[in-house]
Amino acid sequence: MAVHDRTVSEQELPDCASEIQDTQGLPDQRRIPINKVGIKDIRHPVRVKDRTQGEQHTLAHFNAYVDLPQHFKGTHMSRFVEILNDHEREISVESFRSILEEMRARLEAEQAHLEMAFPYFIMKQAPVSGVESQMDYEVTLRGHLTPEDYQITIQVQVPVTSLCPCSKSISEYGAHNQRSHVDLQVRARDFVWIEDLVELAEAEASCDLYGVLKRPDEKYVTEHAYENPKFVEDLVRDIARRLEDDERIVWYTVGAENFESIHNHSAYAWIERDKRTPLPDGA
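The numbers in UniProt numbering rise by one with no breaks, and the one at position 246 of the sequence shown is 246.
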């Protein structure tokens, strides 16, 4: 005898659901609205545009939230997961807005927020030997949708080398340097490649980093950093100047943290700028 799996039809679902109380949908007497409610740190495969290969498949961590009016007791957490799963592997920068619109509609919310964090890989060539190796960068996309506005922010963390100008000026035999993290966040009127932001940050560092270096490459990066000393303040200002010149960018933040090699603390600097606001006179 053959045994066949039986699935619940769509017509049967309302009858089943009607027998179980919807606790989240009950009224709440405290009358306190919640700004963000949802799920955090759910993993899902995604595809991202790659300037060289066309697209890159990676694994992202998602946070998804909506606002909750004061008269609802709770939101339907499972719907967040259902929305992500409905898109399967098709989640991308281009589909961000449609996901947010679906979140607002299905969860009966005014505002929707979506964050997608993932490692992004770029093949780099060592500066002298030309040997290739993958470098990974932490990227986060943040989307925010209201009835009046839609914003998407791209954040990229770029590891670089920085060399201390003060140490170089007072030392006879060398200068202390360290690995640094540059964090860029941008909002743009036109499409911006992740690679564009990485290259911009690396170009203003004392030197960029590589996955593999041969001895001639190591000599080059050491000497190149020595010839390009940067305080943490220099680093954020030089990157900000490049972002000012990029007409695609309308808003940005740039932060840099130097993990000091001769101190047990970090040096840090940060700039935020809305380019729609004029710079101060003389800037």
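Note that these hints are calculated values from the structure, not bench results. Since we're looking at a predicted model, the values are computed, not measured. Be careful, since some hints might not be right.
Said to hold, decoys possible - Pair by pair, the computed Cβ-Cβ distance ranges are: (1) Ser92 to Gly130: 29 to 35 angstroms; (2) Leu279 to Glu94: 17 to 23 angstroms; (3) Glu272 to Glu110: 25 to 31 angstroms; (4) Asp86 to Pro280: 31 to 37 angstroms; (5) Ser169 to Val131: 30 to 36 angstroms; (6) Glu110 to Pro165: 29 to 35 angstroms; (7) Pro33 to Arg276: 26 to 32 angstroms; (8) Ser78 to Thr222: 51 to 57 angstroms; (9) Lys49 to Lys219: 48 to 54 angstroms; (10) Pro33 to Arg242: 38 to 44 angstroms; (11) Glu82 to Pro278: 15 to 21 angstroms.
As the list claims (entries may be wrong) - Capping the alpha-carbon separation at 25 angstroms, the derived lysine to any residue pairs in SDA-like fashion look like this: (12) Lys36 to Val128; (13) Lys49 to Glu138; (14) Lys168 to Glu138; (15) Lys49 to Lys168; (16) Lys214 to Arg242.
Cβ atoms here follow ideal geometry from the backbone N, Cα and C, with glycine treated the same way.
Now for the hints, and whether the structure bears them out:
1. Ser92 to Gly130: 29 to 35 angstroms: Given a distance of about 32 angstroms, which is inside 29 to 35 angstroms, the answer is holds.
2. Leu279 to Glu94: 17 to 23 angstroms: 33 angstroms, violated
3. Glu272 to Glu110: 25 to 31 angstroms: At 26 angstroms between Cβs, range holds.
4. Asp86 to Pro280: 31 to 37 angstroms: Violated: the Cβ-Cβ distance is about 48 angstroms, outside 31 to 37 angstroms.
5. Ser169 to Val131: 30 to 36 angstroms: 34 angstroms, holds
6. Glu110 to Pro165: 29 to 35 angstroms: 50 angstroms, violated
7. Pro33 to Arg276: 26 to 32 angstroms: 30 angstroms, holds
8. Ser78 to Thr222: 51 to 57 angstroms: 54 angstroms, holds
9. Lys49 to Lys219: 48 to 54 angstroms: Given about 36 angstroms between the Cβ atoms, the range is violated.
10. Pro33 to Arg242: 38 to 44 angstroms: Check passed, 41 angstroms falls within 38 to 44 angstroms.
11. Glu82 to Pro278: 15 to 21 angstroms: 46 angstroms, violated
12. Lys36 to Val128: Violated, because 50 angstroms separates the two Cα atoms, which is more than 25 angstroms.
13. Lys49 to Glu138: 15 angstroms, holds
14. Lys168 to Glu138: 31 angstroms, violated
15. Lys49 to Lys168: Status violated; Cα separation ~41 angstroms.
16. Lys214 to Arg242: Given pair Lys214, Arg242 is violated - Cα atoms ~31 angstroms apart, limit 25 angstroms.
Checked against the numbered hints given earlier, the structure breaks hints 2, 4, 6, 9, 11, 12, 14, 15 and 16 and satisfies all the rest.
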